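Trainee: Residue numbers (the UniProt record's numbering), protein chains in the order written: chain B, 1 to 291; chain L, 1 to 305; chain S, 1 to 277.
Just so you know, not all the hints are guaranteed correct.
[Said to hold, decoys possible] In silico BS3-like links for lysine-lysine, alpha-carbon gap of 25 angstroms or less:
id, chain 1, residue 1, chain 2, residue 2
1, L, Lys21, S, Lys141
2, B, Lys186, L, Lys17
3, B, Lys11, L, Lys299
4, B, Lys23, L, Lys199
5, L, Lys21, B, Lys23
6, S, Lys47, L, Lys21
7, B, Lys186, S, Lys34
8, S, Lys47, S, Lys102
9, B, Lys286, L, Lys120
10, B, Lys286, S, Lys221
11, B, Lys10, L, Lys205
12, S, Lys34, S, Lys102
13, B, Lys50, B, Lys252
14, B, Lys23, L, Lys120
15, L, Lys21, B, Lys186
16, S, Lys266, S, Lys112
17, S, Lys266, B, Lys186
18, L, Lys205, L, Lys299
19, B, Lys105, L, Lys21
20, B, Lys11, L, Lys205
21, L, Lys199, B, Lys10
22, B, Lys71, B, Lys50
23, B, Lys186, S, Lys119
24, S, Lys112, S, Lys102
25, B, Lys186, S, Lys112
26, B, Lys105, L, Lys299
27, B, Lys186, S, Lys47
28, S, Lys220, S, Lys47
29, L, Lys299, B, Lys110
30, B, Lys105, S, Lys102
31, S, Lys112, S, Lys144
32, S, Lys141, L, Lys17
33, L, Lys21, S, Lys102
34, B, Lys107, L, Lys299
Simulated from the structure, these hints should not be mistaken for laboratory data. None of the values given here were measured: they were computed from a predicted structure.
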Amino acid sequence: MLLDANVIEKKRSPRLMKNSFMKMLFLFSTLIGLVVLVVLLGTTLLDGWKYLTVDFFTNFSSSRPSRAGIKGAILGTLWLMAFTTPIAIFLSVGTALYLEEYAPKNKFTKFVETNIANLAGVPSVVFGLLGLTIFVRQFGLGNSVIAASLTLSLMIMPVIVVASQEALRTVPLAVREASIGMGASKWQTVSRIILPAAIPGIITGIILAISRAIGETAPLVVIGIPVALLTTPSSPLDSFQALPMQIYNWVKMPQAEFQNLTAAAIIVLLALLLMMNFVAIIIRNKYSKRF
Amino acid sequence: MVDLNIRERIANNQRSKLVEKTVPIVLFSITIISVLTTIGILYTLIVETVHFFGRVSIVEFLTSTKWNAFSSTPSWGIFPLILGTLKIVVIGAIVAVPTGIGAAIYLSEYASDRTRRIIKPILEVLAGIPTVVYGAFAITFVTPFLQSFIPPLNHFNALSPGIVVGIMILPMIASLTEDALSSVPNSMREGSLGMGATKFETVSKVVLPAAISGVGAAVVLGLSRAIGETMIVSIAAGSTPNSSFNILESLQTMTGFIVQVTSGDAAFGTDVYYSLYAVGMTLFIFTLAMNMISQWITKRFREEY
Amino acid sequence: MIMTKEKTSAIHIDNKNLNHSPMEMQNKEIFTSKNFNLWYGDNHALKNINLSFHENEISAIIGPSGCGKSTYIKSLNRMVELVPIVRTEGEILYRDTNILDKNMTVEELRTKVGMVFQKPNPFPKSIYDNVAYGPRIHGIKDKKTLDQVVEKSLRQAAIWDEVKDRLNDNAYGLSGGQQQRICIARTLAVEPDIVLMDEPTSALDPISTIKIEDLMQELKKEYSIIIVTHNMQQAARVSDKTAFFYQGNVIEYNDTNIIFENPHDKRTEDYVTGRFG
Chain B
1 MLLDANVIEK
11 KRSPRLMKNS
21 FMKMLFLFST
31 LIGLVVLVVL
41 LGTTLLDGWK
51 YLTVDFFTNF
61 SSSRPSRAGI
71 KGAILGTLWL
81 MAFTTPIAIF
91 LSVGTALYLE
101 EYAPKNKFTK
111 FVETNIANLA
121 GVPSVVFGLL
131 GLTIFVRQFG
141 LGNSVIAASL
151 TLSLMIMPVI
161 VVASQEALRT
171 VPLAVREASI
181 GMGASKWQTV
191 SRIILPAAIP
201 GIITGIILAI
211 SRAIGETAPL
221 VVIGIPVALL
231 TTPSSPLDSF
241 QALPMQIYNW
251 VKMPQAEFQN
261 LTAAAIIVLL
271 ALLLMMNFVA
281 IIIRNKYSKR
291 F
Chain L
1 MVDLNIRERI
11 ANNQRSKLVE
21 KTVPIVLFSI
31 TIISVLTTIG
41 ILYTLIVETV
51 HFFGRVSIVE
61 FLTSTKWNAF
71 SSTPSWGIFP
81 LILGTLKIVV
91 IGAIVAVPTG
101 IGAAIYLSEY
111 ASDRTRRIIK
121 PILEVLAGIP
131 TVVYGAFAIT
141 FVTPFLQSFI
151 PPLNHFNALS
161 PGIVVGIMIL
171 PMIASLTEDA
181 LSSVPNSMRE
191 GSLGMGATKF
201 ETVSKVVLPA
211 AISGVGAAVV
221 LGLSRAIGET
231 MIVSIAAGST
241 PNSSFNILES
251 LQTMTGFIVQ
261 VTSGDAAFGT
271 DVYYSLYAVG
281 MTLFIFTLAM
291 NMISQWITKR
301 FREEY
Chain S
1 MIMTKEKTSA
11 IHIDNKNLNH
21 SPMEMQNKEI
31 FTSKNFNLWY
41 GDNHALKNIN
51 LSFHENEISA
61 IIGPSGCGKS
71 TYIKSLNRMV
81 ELVPIVRTEG
91 EILYRDTNIL
101 DKNMTVEELR
111 TKVGMVFQKP
121 NPFPKSIYDN
131 VAYGPRIHGI
141 KDKKTLDQVV
151 EKSLRQAAIW
161 DEVKDRLNDN
171 AYGLSGGQQQ
181 RICIARTLAV
191 EPDIVLMDEP
201 TSALDPISTI
211 KIEDLMQELK
221 KEYSIIIVTH
231 NMQQAARVSD
241 KTAFFYQGNV
251 IEYNDTNIIF
261 ENPHDKRTED
271 YVTGRFG
């Protein structure tokens, strides 16, 4: 006998104990994220919910906590999104369509794809430096809505490109063949069959990317978005405030009341993001299994 | 049935060749913008960094251990800023790597389908929380909480933002690791379990080694994200370039410096203004290197099942 | 080895041409391949194919997997070019036009030469939009014509009664057999000259298969059909002529009853009697 049955028997119980212990440890790791989320949301709600008054939404920011509100910040963020979204969609979906449907399989295409993967890893603060140098100064756009939108569009482009490419790839070859086999041209096949079939995946990617852009603060700081402004923009060339900038500004204030305002502004921001995430998840689940 | 003359109508249909020819050109031009973005970033960083080194010695930048940009006799040693970044990254990694991998193992190997369906969206929500919110959480909750255990902890310190950065990158590491684990074919698990191995033995001796390149790439990407993280450290770590290894003291990271300069009024054309780009360049090199390492790991150690 | 095979196959085709020239007088030639060769990279997949198909007939192409039968049928509407490494030589005449010519507009060819694929591949759209797709991409936009085309095509594909009340439902909600008939209706909507069918029933259950085979007999009155199948009984049931492909060669092409009852070539006999394949 090479194996001693007694030894195996003896070792079994510690092995099983180790197994159960490790399982608990893995479960604990999983729960850490959960606990943090609960604590984060809990403390924020506790600190902030009393400050979610009508005045809070209708007042501009102020150095006096009792008068400070997020009107400028919210409207500014909406302006920012109104320009970032179409620019980002135009850039990203166009790029994804080219790479998936038209690009020849050569070194240049490979280079473009690697380049996009690398752009996805560039810190947002570096995109801020790009925006500051090129859009704010070189193009003379100043700290305007359009300068910030261009910067954020470039920043979230890689995310949407990759999500769109994945969505386009899920459209089966058989469906493409069916269209081409009927005498449809390349663009007819792309625009009438492939794009509509991939659109739920693309929209999910867009929503998630835009929700990332909404909360992004560092590039806005770098391109010099003001924290105290008593007007709302009336054109994309105007300066503006943004919700995350407002939070960043308030959290640095020494007065305790500003901490509550910070929390209140965070509640508004998170509510906005959760709503967008929720929509994205619904779209994804609804269309996840179609082929 | 009426004769619809479909054949005739189709034959008479004039197809426009114009659209077919322009669409690829338009899409290609759009694609070029992504390349231009990279060129723009490199151009911006390189040109202004060269400007900076025209004013400040590159030797000082690389060798001095003091960074004091706003003094009347400034010193420009990048070391404290890099050290600040590394302190945050190391603390973040200690938090995020074991928990991220542990959570991924739980989700991929132990959790029921139902648990997975509940927990994964929660992790996605966690991943979607803006960093400025994490920053606020660090300074208003985590720092006071830690101070109750560690009284000498400063208001601004490395520990609190480091932990929070770890929590921020946790979902990313967990989700990428889980992808790597679930791509290990079930036949390998069955092979091990079928010999009487426990689940943990199967995970640690078969599944994890098989997925190691994916796990490695996930960790490196997570750390790269931590290096570039800006708002948490700007809010909770302070703005004191610090060359000591003490994690209880205020510090400044590379990203923190960029935010400090740009949120104040650094006059265009001053040394401080140009130093932004030298710091940005250093930061860019660090993250680019990490991303390339991650891509290299994925390529080099790609498992063939 | 290969050389001799090519020679024997060439002889057989000559024999066939002599034996059956009277029959070809009846129906006009619609597709003629002359010394057609095809390579996937270095792989010589089709060797010196000489074949003629005729109007208002069902021609079947049979042969074991990898014999080149699918490649050949996809050459007839140049769908084979979707694989980038394909190279061809020789001629394929469609009503006296060489379709391999560089000046050939493939979109026009594919409008006239419709195709039904191995697996049902409806678009993720409504039944109506699936069938109206062809006319629409060819510039027919008015609702009334489209309504008529959709109804006519669905009737021709023998599925009108099953779907007339749910034309706006997604085609993916239908069964596999129904989906395949929607695909046939979609192909018929542009009134093609010929319908190519690439193993159209291989993914379907027996009842759906019979329905589609019956449908083919109906369609034969108005269309010419070329069908690739690995199901020999199906070829025997539905086709007028049958070509046997083996290792990229046409071994034998003849009236279906001759192929199945009295083949001239030993390999054909071995295949149709189930000794290999």
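Trainee: Indicate, hint by hint, whether the structure satisfies it.
Mentor: Against the structure, the hints come out as follows:
1. L:Lys21 to S:Lys141: It holds: about 23 angstroms lies between the C-alpha atoms, which stays within 25 angstroms.
2. B:Lys186 to L:Lys17: holds (11 angstroms)
3. B:Lys11 to L:Lys299: violated (40 angstroms)
4. B:Lys23 to L:Lys199: holds (9 angstroms)
5. L:Lys21 to B:Lys23: The given pair, whose Cα atoms are some 59 angstroms apart, is violated under the 25 angstroms limit.
6. S:Lys47 to L:Lys21: Violated: S:Lys47 and L:Lys21 sit about 35 angstroms apart, past 25 angstroms.
7. B:Lys186 to S:Lys34: violated (29 angstroms)
8. S:Lys47 to S:Lys102: holds (21 angstroms)
9. B:Lys286 to L:Lys120: Holds - the C-alpha atoms of L:Lys120 and B:Lys286 are around 17 angstroms apart, at most 25 angstroms.
10. B:Lys286 to S:Lys221: violated (44 angstroms)
11. B:Lys10 to L:Lys205: holds (21 angstroms)
12. S:Lys34 to S:Lys102: holds (17 angstroms)
13. B:Lys50 to B:Lys252: holds (20 angstroms)
14. B:Lys23 to L:Lys120: The given pair, whose Cα atoms are some 18 angstroms apart, holds under the 25 angstroms limit.
15. L:Lys21 to B:Lys186: holds (10 angstroms)
16. S:Lys266 to S:Lys112: Judged against 25 angstroms, a Cα distance of about 37 angstroms means the pair is violated.
17. S:Lys266 to B:Lys186: Roughly 45 angstroms between the alpha carbons, so the hint for S:Lys266 and B:Lys186 is violated.
18. L:Lys205 to L:Lys299: Holds. L:Lys205 to L:Lys299 sits at ~22 angstroms (cutoff 25 angstroms).
19. B:Lys105 to L:Lys21: holds (19 angstroms)
20. B:Lys11 to L:Lys205: holds (17 angstroms)
21. L:Lys199 to B:Lys10: At roughly 18 angstroms apart (the allowed maximum being 25 angstroms), B:Lys10 and L:Lys199 satisfy the hint.
22. B:Lys71 to B:Lys50: holds (17 angstroms)
23. B:Lys186 to S:Lys119: holds (22 angstroms)
24. S:Lys112 to S:Lys102: holds (18 angstroms)
25. B:Lys186 to S:Lys112: Roughly 17 angstroms separates the two Cα atoms, so the pair holds.
26. B:Lys105 to L:Lys299: holds (19 angstroms)
27. B:Lys186 to S:Lys47: Status violated; Cα separation ~30 angstroms.
28. S:Lys220 to S:Lys47: Measuring from Cα to Cα gives roughly 29 angstroms; hence the hint is violated.
29. L:Lys299 to B:Lys110: The hint holds at about 14 angstroms.
30. B:Lys105 to S:Lys102: Holds - the C-alpha atoms of S:Lys102 and B:Lys105 are around 23 angstroms apart, at most 25 angstroms.
31. S:Lys112 to S:Lys144: holds (23 angstroms)
32. S:Lys141 to L:Lys17: Roughly 19 angstroms separates the two Cα atoms, so the pair holds.
33. L:Lys21 to S:Lys102: This hinted pair holds, its Cα atoms lying about 17 angstroms apart.
34. B:Lys107 to L:Lys299: Roughly 17 angstroms between the alpha carbons, so the hint for B:Lys107 and L:Lys299 holds.
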